[in-house]
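Undergrad: Starting from the given sequences, assemble the full structure and let the hints guide the process.
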Amino acid sequence: MGKSKNQIAALDVYIGGKLVGTLIEKSTGAMTFKYAKSWLETKGVFPISQSLPLSAKELRGAEVRAYFNNLLPDNPTVREKMAGRVGAESEGDFDLLSAIGRDCVGACQFVPAGTPIPKGGGAKGEKVSPKRIAEILKGLPVTPLGNHPDQEFRISIAGAQDKTGFLRMKSSWMIPRGDTPTTHIFKVPMGQLPNGIDLTTSVENEWLCLQLVKCFDLPAAEAEIKTFSGEKCLAVTRFDREWSKDGRRLSRIPQEDLCQALGISSAKKYESDGGPGIEQIMDFLLESDDPNEDRRLFMKTQVVFGLLGATDGHAKNYSIFASKAGGFRLTPIYDVMSVYPAWKRGQIRRNQMKLAMALGDSRHYRLYEIKGRHWLQTAKRCGFSTKELEQILDEVCQAAKVVVQKGIKTPKGFPAWILQAILKEMDQAVSRLEIR
Numbered sequence: 076m077g078k079s080k081n082q083i084a085a086l087d088v089y090i091g092g093k094l095v096g097t098l099i100e101k102s103t104g105a106m107t108f109k110y111a112k113s114w115l116e117t118k119g120v121f122p123i124s125q126s127l128p129l130s131a132k133e134l135r136g137a138e139v140r141a142y143f144n145n146l147l148p149d150n151p152t153v154r155e156k157m158a159g160r161v162g163a164e165s166e167g168d169f170d171l172l173s174a175i176g177r178d179c180v181g182a183c184q185f186v187p188a189g190t191p192i193p194k195g196g197g198a199k200g201e202k203v204s205p206k207r208i209a210e211i212l213k214g215l216p217v218t219p220l221g222n223h224p225d226q227e228f229r230i231s232i233a234g235a236q237d238k239t240g241f242l243r244m245k246s247s248w249m250i251p252r253g254d255t256p257t258t259h260i261f262k263v264p265m266g267q268l269p270n271g272i273d274l275t276t277s278v279e280n281e282w283l284c285l286q287l288v289k290c291f292d293l294p295a296a297e298a299e300i301k302t303f304s305g306e307k308c309l310a311v312t313r314f315d316r317e318w319s320k321d322g323r324r325l326s327r328i329p330q331e332d333l334c335q336a337l338g339i340s341s342a343k344k345y346e347s348d349g350g351p352g353i354e355q356i357m358d359f360l361l362e363s364d365d366p367n368e369d370r371r372l373f374m375k376t377q378v379v380f381g382l383l384g385a386t387d388g389h390a391k392n393y394s395i396f397a398s399k400a401g402g403f404r405l406t407p408i409y410d411v412m413s414v415y416p417a418w419k420r421g422q423i424r425r426n427q428m429k430l431a432m433a434l435g436d437s438r439h440y441r442l443y444e445i446k447g448r449h450w451l452q453t454a455k456r457c458g459f460s461t462k463e464l465e466q467i468l469d470e471v472c473q474a475a476k477v478v479v480q481k482g483i484k485t486p487k488g489f490p491a492w493i494l495q496a497i498l499k500e501m502d503q504a505v506s507r508l509e510i511r
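Sequential numbering of the sequence shown, starting at 76, is according to my numbering.
These are calculated hints, taken from the structure and not from any lab test. Certain hints may be false.
Said to hold, decoys possible - Derived BS3-like pairs: lysine-lysine, alpha-carbon spacing no greater than 25 Å straight-line:
{"#": "1", "residue 1": "K481", "residue 2": "K419"}
{"#": "2", "residue 1": "K462", "residue 2": "K419"}
{"#": "3", "residue 1": "K101", "residue 2": "K132"}
{"#": "4", "residue 1": "K320", "residue 2": "K199"}
{"#": "5", "residue 1": "K399", "residue 2": "K320"}
{"#": "6", "residue 1": "K118", "residue 2": "K399"}
{"#": "7", "residue 1": "K93", "residue 2": "K199"}
Claimed, not checked - Label pairs and their calculated CB-CB ranges:
{"#": "8", "residue 1": "R448", "residue 2": "K213", "range": "46 to 52 Å"}
{"#": "9", "residue 1": "E470", "residue 2": "G119", "range": "35 to 41 Å"}
{"#": "10", "residue 1": "G482", "residue 2": "A137", "range": "33 to 39 Å"}
{"#": "11", "residue 1": "P151", "residue 2": "K484", "range": "36 to 42 Å"}
{"#": "12", "residue 1": "E116", "residue 2": "V479", "range": "53 to 59 Å"}
{"#": "13", "residue 1": "A137", "residue 2": "D358", "range": "15 to 21 Å"}
{"#": "14", "residue 1": "K476", "residue 2": "R252", "range": "45 to 51 Å"}
{"#": "15", "residue 1": "W492", "residue 2": "G92", "range": "48 to 54 Å"}
{"#": "16", "residue 1": "L129", "residue 2": "K194", "range": "35 to 41 Å"}
{"#": "17", "residue 1": "K194", "residue 2": "W318", "range": "16 to 22 Å"}
{"#": "18", "residue 1": "G162", "residue 2": "G104", "range": "19 to 25 Å"}
{"#": "19", "residue 1": "A137", "residue 2": "D502", "range": "42 to 48 Å"}
Cβ coordinates follow ideal geometry from the N, Cα and C atoms, glycine included.
TA: So this is what it looks like as structure tokens:
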């Protein structure tokens, strides 16, 4: 049902049980956000986004829309199915957040304006059997994020892949109850894509890439390959959740992806679509609580992604933790997959393998065009020390040689060809990193 003339709808936004502000959608579809007076008067508070600074004024414009839009899946089909399953009035941002905004990425929770939110108390959940987990995973294509109209549980996870969330507590998998958040994200195999690429091994691919990232001394999300009654998934530990010391309470940690932080729509997450590139992000990281460390980490991650053939390193796949007084730090790395296995199977052409962000003065995207000198040019464009960049290249090349020589321990039954495909191409990519 559409909104009548002059009608508005409002959602209160909470973090840690405290009212942060109110999100309003007007009859025109315009969105505004206003911080609560009580939040602004609290010592040590922070903005919900770097793109939405603390202010007593009503915030409006593209940045408001971008922040809240990026909390939701960016696949239109997923959004449409989700809206139908949970009874949302539409697949629009506001209506979906109204229905499933209790457990989003980061710390924000959404409730109808004026509705109190549960305070305190320990984590609660309902144990779920392996068979029931398998049913939920199997049903994700028609029941996005595992949301059902007849269930108390409502979850929103951004991205385009089929996934859902569960609570891990007391050595059991559970569906959270009440105000309790999820602790893990379960991703199922992506299957055959419309463009013909077969990603039935996406679970193994992502697991392996996360392990390889750690071989380069980069922080990455923890993940395990799990099977429940024959249904396989990648169980990723959420780094935006934290248990209390006594293990009773589970807190949401404020974070946002870089599209949110820069006020950019998910439709522009790739640089080639008008989204952020390395230079814009490196400029943004100058404001980090530790700019030297975060800029080095981001640049090194880009180099490693180039070696791994991780072509989906767009702005939504980088995030920051919010800190007190409005500061921030980069989060661990997540959502990493290599294009090399698809290349190995002849499903894509050589010139189709492109990074998400361009390099060098001539803006190179294609993996096989990128040389060490392009990294040097990029460093200069970012005001990043070329000496430091050369050190990063040396670190990465040395670590890559060790990994290629020794390999990596994989779970029983892991497809060896995936590891071999990535290591072979990674070995060849090392020679291209030489500064010439």
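Undergrad: Taking the hints in turn, state whether each one holds.
TA: Hints versus structure:
no. : hint                    : result
1   : K481 - K419             : holds (21 Å)
2   : K462 - K419             : violated (35 Å)
3   : K101 - K132             : holds (17 Å)
4   : K320 - K199             : holds (17 Å)
5   : K399 - K320             : holds (21 Å)
6   : K118 - K399             : holds (9 Å)
7   : K93 - K199              : holds (20 Å)
8   : R448 - K213: 46 to 52 Å : holds (49 Å)
9   : E470 - G119: 35 to 41 Å : holds (37 Å)
10  : G482 - A137: 33 to 39 Å : violated (47 Å)
11  : P151 - K484: 36 to 42 Å : holds (40 Å)
12  : E116 - V479: 53 to 59 Å : holds (57 Å)
13  : A137 - D358: 15 to 21 Å : holds (19 Å)
14  : K476 - R252: 45 to 51 Å : holds (50 Å)
15  : W492 - G92: 48 to 54 Å  : holds (49 Å)
16  : L129 - K194: 35 to 41 Å : violated (23 Å)
17  : K194 - W318: 16 to 22 Å : holds (18 Å)
18  : G162 - G104: 19 to 25 Å : holds (20 Å)
19  : A137 - D502: 42 to 48 Å : holds (44 Å)
Of the hints listed earlier, those the structure fails to meet are numbers 2, 10, 16, in rising order.
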